[in-house]
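Chemist: Here the protein sequences line up with chains H, X, S and B, keeping their order. Here the first sequence is numbered in my numbering, starting from 1 and rising by one per residue. Here the second sequence is numbered in my numbering, starting from 1001 and rising by one per residue. Here the third sequence is numbered in my numbering, starting from 2001 and rising by one per residue. Here the fourth sequence is numbered in my numbering, starting from 3001 and rising by one per residue.
Hints may contain errors.
Unchecked claim - Here are a few chain H residues that sit away from chain X, every Cβ distance over 12 Å (derived from the structure): (1) M31; (2) G55; (3) V181; (4) V259; (5) Q343.
Claimed, not checked - Restricting the straight-line Cα-Cα distance to at most 27 Å, the calculated cross-link-like pairs of lysine-lysine (DSSO-like) are: (6) S:K2315 - S:K2239; (7) S:K2239 - S:K2283; (8) B:K3316 - S:K2239; (9) S:K2239 - B:K3151; (10) H:K51 - B:K3319; (11) B:K3272 - H:K364; (12) H:K364 - B:K3187; (13) X:K1128 - B:K3151; (14) H:K180 - H:K133; (15) B:K3119 - H:K341; (16) B:K3187 - H:K58; (17) B:K3151 - S:K2304; (18) X:K1038 - S:K2315; (19) X:K1128 - B:K3319; (20) S:K2239 - S:K2104; (21) B:K3316 - H:K51; (22) B:K3316 - H:K58; (23) S:K2315 - B:K3187; (24) H:K393 - B:K3272; (25) X:K1128 - B:K3272; (26) B:K3157 - B:K3119; (27) X:K1128 - H:K51; (28) H:K393 - B:K3157; (29) H:K341 - B:K3157; (30) X:K1270 - B:K3119.
Said to hold, decoys possible - Here chain H is said to cover these stretches of chain X; the calculated rule only asks that three of the stretch's residues, wherever they fall, bring their Cβ under 8 Å from a Cβ of chain H: (31) 1190 to 1197; (32) 1203 to 1212.
Source of the hints: derived by calculation from the structure; they are not laboratory data. Beta carbons: idealized from backbone N, C-alpha and C, even for Gly.
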Amino acid sequence: MSDLTPVLRLEDIVKTFPGVRALDGVSLTLMPGEVHALMGENGAGKSTLMKVLGGILKPNEGRILVAETPVVMSSPLEAKAKGIVFIHQELSLAEELSVAENIYLGELPRKRFGLVDWATLETRTNAILEKLKVGFDARTRVGDLSIANQQMVEIARALTVDAKAVIFDEPTASLTDAEKVVLFDVIAGLQEQGVGIIYISHRMEEIFRITDRISVLRDGSYRGTVNTADTDEEAVTQLMIGRKLDLTRNESHHELGDVALEVRGLCCGDLFRDISFEVRRGEVVGFYGLVGAGRTEIAETLFGLRDPSAGTILLDGQETVIHSPTDAISRGISLVPEDRKGQGLILGMNCRDNMTLPQVDDLKAGPFVAEGAEVSIFDQYRDRLDIRTPGWKQLVGNLSGGNQQKIVIGKWLSMRPSVLIVDEPTRGIDVGSKSEIHNLIRELAAQGYAVIVISSEMPEVLHVSDRIVAMYSGRIMRTFTSEEVTEDNLIQAISGITPDKAA
Amino acid sequence: MQPGTLSTFLKRGAIWGFIVLELIFFSIAGEFLSVSDKAFINVDNMLLLFKQSAPIGIIAMGMTIIMVNGNIDLSVGATYAISAIVMLDAMTWSMFAGLGDGVIPVAWILALLTGVALGALNGLIVWKTGVDAFIVTLGSMLGYRGLVFMYNGEQPTSHLNWTLVDFAEAQWLGLHTATWFLLVVTAAVWFLMNKTVHGRNAYAIGNNRSAAVNAGIRVGPHMVINFMIIGFLAALSAVVFYSESGSVNPNDGELYELWVITAVVLGGTKLTGGAGSIISTFGGVLAIQLLRKGLSHIGADTETVNLVIGLILIAVLFLDRQLNTKGKEELKV
Amino acid sequence: MNIRNTLAATTAAAALALSGAAWAETMKIGITQNNVGVDSYQTTYEKAFIEAAAANDNVEVIVLDAGGDVARQIAQMEDLIQQGVDAIIIWPTNGEAVIPAVRKAHTAGIPVIVTNSNIADAGFDFVASFSGPDNITQGARSAEIMCDKFKDMGIETEAQVVHITGQPGYTTAIERAKGFEDRLPEVCPDVTIVDTQPGDWNREKSQKVMEAFLVKYDNIDGVYAGDDNMGVGALNAAKAAGRDGIIFVGATNFAVGYEAMERGEYWGSIYQSPVDDAKAALKTAIETLEGKELPFLNYFDTPKITQDNMGDYTKPVF
Amino acid sequence: MAEVTKRMDIGGFLARQGILIAFVVFMIGFSIANARFIDPDNIMGVVRSSAIMGVMALGVTFVVISGNLDLSVGSMMSFSTIVVLDLHDKIGPALAIPAMFALTLCLGAFIGFLVGYLKLNSLIVTLGMLSAIHGLTLTWSGGKNMDIADKEGTWFKVFGQGDALGIPVPILLFALLAAVLGIMLAKTPFGRKVYAVGGNATAATFSGIRRARVVFTCYLLSAFCVATAGLIQASRSLGSQNTVGQGLELEVLAAVILGGASLMGGSGTIFKTVIGVLILGFIQNGLLLVGLQFYVQFVVTWVIIILAVWLDIAAKRGKLWSLIA
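The shape of chain H in the complex, shown without the other chains (with noise of 0.2 Å):
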């Protein structure tokens, strides 16, 4: 880092919704070269924030300086032909395309008449995606990549323009460790031609690793700025949060109970083989692997989503055969899914119906659906779990998402199941909200649930754990108990070095 001239800066912008101040007066200034962490809870500002820059949202005061310059950026497009690109958490890919078209979306090159350049188009995507060293090339279609090399492909955008500015939103969601290295390799490379970039994330140990600036927002006002070599996650999340946390592992341990799920030797297709694993009732399963590592899905074949090819379910040491999410929920189990907002929640729908929604058709008065039975079930787990929202009539849409994946939780442990399993319970939610989900998981295991947390997170997974099954390419490579559990054998576990070879 030097004492250049920012490559962008942000004034004090101000940025007002009816009712809502969501940006009160935020500053941030990014440095050529630097990689810029931008911090904070859910519901921050961080994401309008970003709107402003990207010029979906205009700012009601407050000024944007590119390379000291001020800006007024009125489309994506705009801020992209700046030099300011977006890298987005969410993968928005157009499946049906290319990954070259997808890589220029919205600018494809072209020649007259307002055809595309298909020559330049893939010459200059091979260059990028040698520079990601990943295994497919321009033609490939989109939709027929790994989700985590899609997120390559989001990523590969990055490099289309002469950037100036590069916005990484979560960009390490859904990618594998190894992947992680390339992408941050590509943040290096970025940085090392003096591009600014602003790394949005929730996980400490990769801000800790690749900035060298933080800066906090909390309720959309700005918290301050400080060097990363000069912090510790503590503090910042005190910035962040107002309060301290608990990061510890896991150690206190209570009496486990008997054998609430027994899986023996099930097998879905290419998607998992063999698997067999059993859980306690008071006890927390961790279930880590890369993603596609068949974890989620065996999930889902618990949950009677996916049909096993061979395999046993015993439940209580009883055989039994799920065919649907009914007969898992009328066995006593519970699912909350990954996908939040696609499978969890109907956004439509207000938050006491979406609680209620598994048991509805036993809460009746008559043939009606019981109401004053509805609202106390609701009101008992929003106090449970502290739920922060108006009330009942809410519709979920408009809940944060950590209020939101509580919802989902709320729904299942109303259902009061034997197994529960939580399919990535904290993704894309704040370090407060994070802790306290944490928390309640242990805290179920402690009241006699049989409890399955499946977490891409290694911190969470240590963290939540009683003992941690490690998958790699849909099998199982190896169970910890969390005394002989360390970051090292559990990365090689599910990288898929046995303990033989790496011995």
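Given the coordinates of chain H, assemble chains X, S and B onto it according to the supplied hints.
Modeler: For chains X, S and B alone, kept in the frame of chain H given last:
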């Protein structure tokens, strides 16, 4: 060859397989059931097949664009009728009286402009109000039909110009005029959708609208352009057809939207947008016309025709889904 | 392309030769109907046509239905020409739009017989003959039936009439409406037609239209409907509203109209049998092929039928 | 700020209730144009003749809220009308009615099976069925009009022509069905599931709701409503053509959309559908009374549909013009 190529081929090729099946079936059934001595697969008959596919086929090309773009247009039948009226009526306007047969291109252009304008109106409403295209065009299907009747009451609008008829009935290199139009439109739309930035953006918008918006693609203008194209093609279809027939009933083109959508869906275009192929739509159009032709070749009566066409539509949809399932381990949602 | 051209030419030549030779054996007659299934007249016509053809050993028929779509009808004309039939009978969906297709048949040497509703004058050169009812006369006769009744009742100077037409755009609907509206002022100059709305050949639609008329007008003395289906729909509306004394006149005497006449609720109609219509068309086609001299216009008679003379007619079968 | 919010709310309220307001404005407008319009007899007459379309719209509301379409209702209504009229003279009305209901429900079950269990696209399936059922109807009737022999004596006519408590039976049937289905949709677990399936089918499945069964039931309900409409229709005219229901599917869909149900599924109510039905009925009637040509009605319906839906979604997004770039 990548894995899945065979199944992709099957999916893409399904419509052509269906066409071959139809040809075989009607040839054999025709031997027993047809009154005619002519074989079903006869060069003349196949040339006619192309010609008769033109009215629906030309519009279907536009519908493919609209559906790839993630919209739908139910008003094409009415647009078709209005354009036809404009074309036929314009030839009688006194201001063009001095032009002689020179009035023909003028009338054509007026008709095409009418189609473009009506399409643009639909597109602008969809863009500016944000109302779903299905609802907007369901409304204009009624509204445009109202305009048709306003033009000339319940009377047909007619103007028989034999120069025009001779042109429309001509055969060049063995193919009828209408066939040429259909082929040129197919080629042009294929080119548009596969080679131009506009076409690729249309795919991107239908595939993932928010991605397109994030990438700075202006969704609205692209949609308006596509609605103008389908309006143009509906008008072109009218121009081609009514140049030959010279008279339009105010209820002409009713139910065309349904036949057109059927052809497009048979060709494998997704109703959700983002995927679809012009060549397969061409196959879908041929498949429907072949079905009609075949059923009349073997002398099926009205009730059978209705029943068979309805059930085949469902059967093809079912087959298409079967080809697209991933097998037993698929997620059950 | 050249090969295909030659091929096409040879097949065409073969087709012509064949149609000439096929003479001695059987006559192949193709018919393309307007819209079977839209009303029972056309269905009955279709069935009667097939029966009449089956009764004649020398005739084979191809029966097609255009479903009300001009494009489909023209395609069917082309198919029939291509299949090399000896004669084509057409029930036009649009009296002008089919002229070029008829010319094509004419050029191919296939005589065309128009049935039920005629094509426009411009196409007469290409048509062997027309067989069917005279819809303009029918409309005129309905006007006369109504006017006569008004005169009997002595209200011919003040009567008010509403008019429910067939499906907009159909030749039959247009011709009957024209016949009625031209003739009525000639015979009963003081009778006024206060309103006209389409009933789409549909009993239910017509009933709705009549309900609105009844609300709108306190004095309705007569209703003319483009066919009896719609006439009975209007009658149902009047009965439900308790309005008596209205004179209902329709056309194409359907069974339902005949019954209403028996009950004395419906005054009169035009007796038009689809069976006669179909037989006449087939006969005209056969005689044309046999080379008989025929008048160009073969109208079969469609007499007036009222409560007074209905005993002379059998109840329609449709 | 507070003031702004308040004004926004009034605007929001106006937009949300746009359809009701439009209804009132129309009624006033037509009443001024022709005093007979608000004649009780006329109003009763309009409601009575809207009842048939209205009953069908009730069932289609369920289908639309569950996220599907039903374009086959018109064709299916022709089928039930023809069948019940034909059977009336053959096995008597007491047996003809249940037989017709059973057959119509079979058609509904078939569609429900295809869309619910086989997960085929409802637009195409019901489009296919529109044609196929028309074929069935023609086969059943031989293409002929179907008329009851004894039109005076049969008690069958009570459903279409009878009165009870001074109110025409079709209106009573419509009101009764609207009340039952309205409560079913708003208050029962099944209704909740219909909204859930339409709102997010995947999330509903993940919540243990059997999507297929819900969709299947919606189509059964729709078929039941169609059968009821067919019964009223048959009884009203005691005779019918094969095409009696032709085109009604679009009118029904227009009414449901006017009522504010989203074609994406998950929203809409029976009450609003009833308003949508009445608006269409009164527009038709009003334009006839004002003496405008039938085609003006097409244009007016076009404008109203787009305005109504536009206002509705504008209220939801808080902006008049769309956010599409």
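Chemist: Among all the numbered hints in the text so far, which are the ones the structure does not match?
Modeler: Going through the list in order, the structure violates hints 2, 5, 7, 8, 13, 16, 18, 20, 23, 26, 28, 29 and respects the others.
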